[in-house]
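Undergrad: Spelled out from the first residue to the last, the chains are:
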Amino acid sequence: MANIQDTIAKKFPAAAFAADNSAIPQITIDDANLHSLALCLRDDCGMDYLVTIVGVDHGQSLGAIYYLMSTTTHELCSVAVSTSNREHPYIHSVADVWHIAEIFEREVYDFFGIIFVNNPDMRRLFLSIDWKGFPLRKDYDDQDPKLNPISIESERQSDFTDVYVEKNGKVVKTERAIFQPDDFVVNIGPQHPATHGVLRFRTAVDGETIKKIDVYMGYIHRGVEKLCEKLNYPQTLHFLDRLDYFSGHNYHHCLCNLYEKAAGIEISRRAKVIRVLMDELARIASHCLFIGTYCMDLGATTMLFYTLRVREQILDIMEKTCGARMTFNYPCIGGVMQDLHEDFVKDVKALLAVLPANIKEYNKIFTGNVIAKNRMEGVGTLSREDAIAYGVTGPSGRASGWACDVRKTRPYSIYSELDFEECLATEGDSMARFKVRIAEMEQSARIIEQLIDNIPEGEYCVKVPKVLKLPAGQWFEMVEGCRGTFAIYLESDGGTKPARLKIAPPCLPLAAVVDHITQGSKIADLITIGGSLDYIVPDMDR
Amino acid sequence: MEYSFANLTGAFHNLLLDTLGIPGWLTTTIECVLIGLGMLLAYSLLALFYIYFERKVCAAFQCRLGPNRVGPFGLLQAIADMFKILIKELIHLNHIDRFLFALAPYLVIIASMLCFAVLPWGNGLQIIDFNIGIFFLLACSSIGVLGILLAGWSSNNKFTLIGALRSGAQMVSYELSIGISVITMVCLAGTMNVPEIVQAQDHLWFIFSGHVPALIAFIIYIIAGTAETNRGPFDLPEAESELTAGYHTEYSGIHFGFFYLAEYLNLFIVSGVATLLFFGGWMPLHIPGWEGFNAVMDFIPSIIWFIAKAVIISFVIIWFKWTFPRLRIDQLMALEWKYLLPFGLFNLVLMTLVITFGWTL
Amino acid sequence: MEVTCKSMPYEAFKDNEYIESLVKELQESGTNVVVGAFDKLINWGRSNSLWPLTFATSCCGIEFVSLGAARFDMARFGWEVARASPRQADFMMVAGTIVNRMVPVFRRLYDQLAEPKYVIACGSCAISGGPFRRSYHVAKGIEEIVPVDVFIPGCPPRPEAMIYGIMQLSRKLKVEKFFGGVNRQESREEFFKSHPIAADAD
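Respectively, the protein sequence lines represent chains A, B and C. Our numbering puts the first residue of the first sequence at 1, with every later residue one more than the last. Our numbering puts the first residue of the second sequence at 543, with every later residue one more than the last. Our numbering puts the first residue of the third sequence at 904, with every later residue one more than the last.
It should be emphasised that the hints constitute simulated quantities derived from the structure, not laboratory data. No experiment lies behind these values; they were computed from the predicted model shown. Using N, Cα and C, we set each Cβ at its ideal position, and we do this for glycine too. Heads up, none of these hints are tricks.
In silico contact screen, one side only, chain C against chain B (beta carbon under 7 Å); selected entries:
id, residue
1, I945
2, N951
3, S952
4, D976
5, R979
6, F980
7, G981
8, S988
9, R990
10, Q991
11, A1017
12, E1018
Let's have the full structure, built from the sequences with the hints guiding it.
TA: In structure tokens form, the structure reads like this:
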């Protein structure tokens, strides 16, 4: 890291260096130098993966914090930039440096009203075009029902997007058409069987061939980040079960790790092992459902019922311990909610016994099928470079050959002691994404096998103060969810509630990349590609 | 020889004409009405049976139970669905072509009903008996695609339009393969007359007597037939995950019910024609030399033979649907034009050679 | 009058008072014998053939998938034909949060359903906004937007609860009147009168 600091300090004398509480170096820079710093970070320092952009409101100033990661050294660093103009906050866009920044910047604009100059698509992302105010600003009154009343009138639709460009030192708003005038635009979603929730694609098609897709999100945007600011730390946890409802355990794990680090709580090894076990069980269950729904999207409905069989078995195991089938709320600050059920070991062993046979069956029925091969092979190819530029992590990123498993790159909990492989493929097509997930199920089973007989004795939850107060500061934590890198940024002002809790979900980049990889393919391929990326809409919308 | 239903119908005709002394024109009218009613009854009963059958089969493939609460073993489930759908609202849409929109479902249902007329239901149990029966069947079945195209076009909806265009392309293409494989079998039979085709299979069904070319023709026929009925893996026109409900997205109530029924009846027709051409129509299974066995087989009524064979073939088609993923439109077209059609033509030549040299069994 | 479902005894239902009061209200005017028989037949058909619209916004939708799978198998009751087109569906299982942006879409879907149409609010989000009630972008219950027939509490409700909920709907259908008597259309008009947001559309 020191050499990066040297490089930057030499080129940008204005940059200030600090480190946040998670020991991630932070570079503070002014807006004028941001773009050149971004280029320098990407090209000279190897920071080629933009994890997230966190918008912040510090009362006087609005700002953005860019979290970057190197795909070779796996080091993190962050860049902070702010503006004191609350009326017309302008920051220069880095969308041409990291592709995914385009959609991240839209998100920051939506929540904080910061306008990113030169971003090619500066529309609202989650909220409707006529939404008044910027909800994550501290001065936004979110309890006023008159401000943005619920309406059953269809929202206003614009075929143009705003672009802010600099002309003679002044920022000017220009308009750009999204579609060509003679495009045949089909509206797929938000209520459509193949969008896996409520996502909307405006698809310009030429016959059956897709020319362009414009993704609309926010049909399940529930404002979790704002809600968290009003709740105390333990209360914020339960929202995470309802984002990506398959990765509830993993997401909880992330936030608990973060709170424990911030509060200086050391949890027992038993709790760590239980958390990892649950994470991996959740991963198997999630991938099972992925296989099922994906096959259903391709028309092979029967597979869904075969995969749900295994999923039900896992849900039974979890239900015995956690008491719920879906929203478990199991890991808590200091450990886990309850001790494992007495049947846990027996049930998990029964699961491990049937899992290989089931995976074999899935491969036999579906993966080897000639129609399935034709539908998936070479469809929606995503290169490694694009995967990194678009921030496509998780199994989808690994199918493109990018080793982005947080369990390997930045091991947390006890993952560094475990013996498992990171499943990679090089093809980057839908078939590779499908196969990587099947391979991951096997690896998860391997992890569980290693742990199931060695669950150490001890307390499952350590004593935690009733009212948890975190010291003032910033924290950043990443885990591997079932669909990719899940990160949380926390800013505390020393109180019992988070001042800013930013959730960086893996599914937002997955949806953002759809337009890129579907161009030129058929409408049916959109379903194949969307299914293979396996996004969860409540996760991207939060 | 089996009991012929021709005796029964002939006796009834004489009863009306001679015994009761009803004039000829009235007799014909009465008979037509009765036949029409009988056909409608058979039509609806078959549809209800097929709905139940498919659900149960699908449930079995998916390790489920399927309908079992409404009536014994869920037998009344399809009837409950029918009552529901009969009184469901017919939504009147704006900005559509009202006439074509209303016409489309009837075209589809009429097409499948006309095909019923030439199916050999049993010995002597056939509504129309004329020398180009097979030709008539092919002609009628292609009216259905018109209904689907109209449905998609008149709904003024982009999904239905894409569904209809897919359907049009698909059905027109696969009709060729069906035609070729039917011609192959007509070559073997030497006639287009349906009862004569059945009679020709008196000793041995065509699938056996025509051996290799007949088998190839059967495989081509069953693939093309599945595509013709818009069923999985060729259910692109109504691909649920792509086009919500395809060409009938905008239809509600009984209009949708017509499409729903027509799908199942087309399934029966495709299986029925396969039965006619490859499995001897209503002919019982005869194995040369096994006299006792043949006598037992003859004991089973011909109508049961026909329906049972058709249902078994339908089972295979349903099996396809619940096993395979769906094809993409370009793959679908490639399958037809690059594989099925050339193979079919080659097979036709093979069949003529087999017949010319007398290699049939 | 006992209104029940097959394979579920009358006593096992929790809210029989409500159904009984409904029956009483309906029977006040008395019924013609022939019309009554037709009503029974139609209600039998409707209540046994409830086709859901595939509509899910979040977590509850996954439990709805489980409901269709082998363990819970809603096909047993004849609810298996999930239609993707609202024109062909009978009821809408609102499984998940409805947010401001979704409200117009949701309302349009409801309008597109063919009569007779029913709505089940499934899960706490659909009932009241659930854990997201205080959010700036969440509708506080779908009852503000469309008339709801059955509420299924839970977060998400277990598939058993969903089965119970749909059974309640089917019980409700059994006492409805197609020919004369209480007309659902009227009550819907009243509903839109008393719910100003919903009335704006007309």
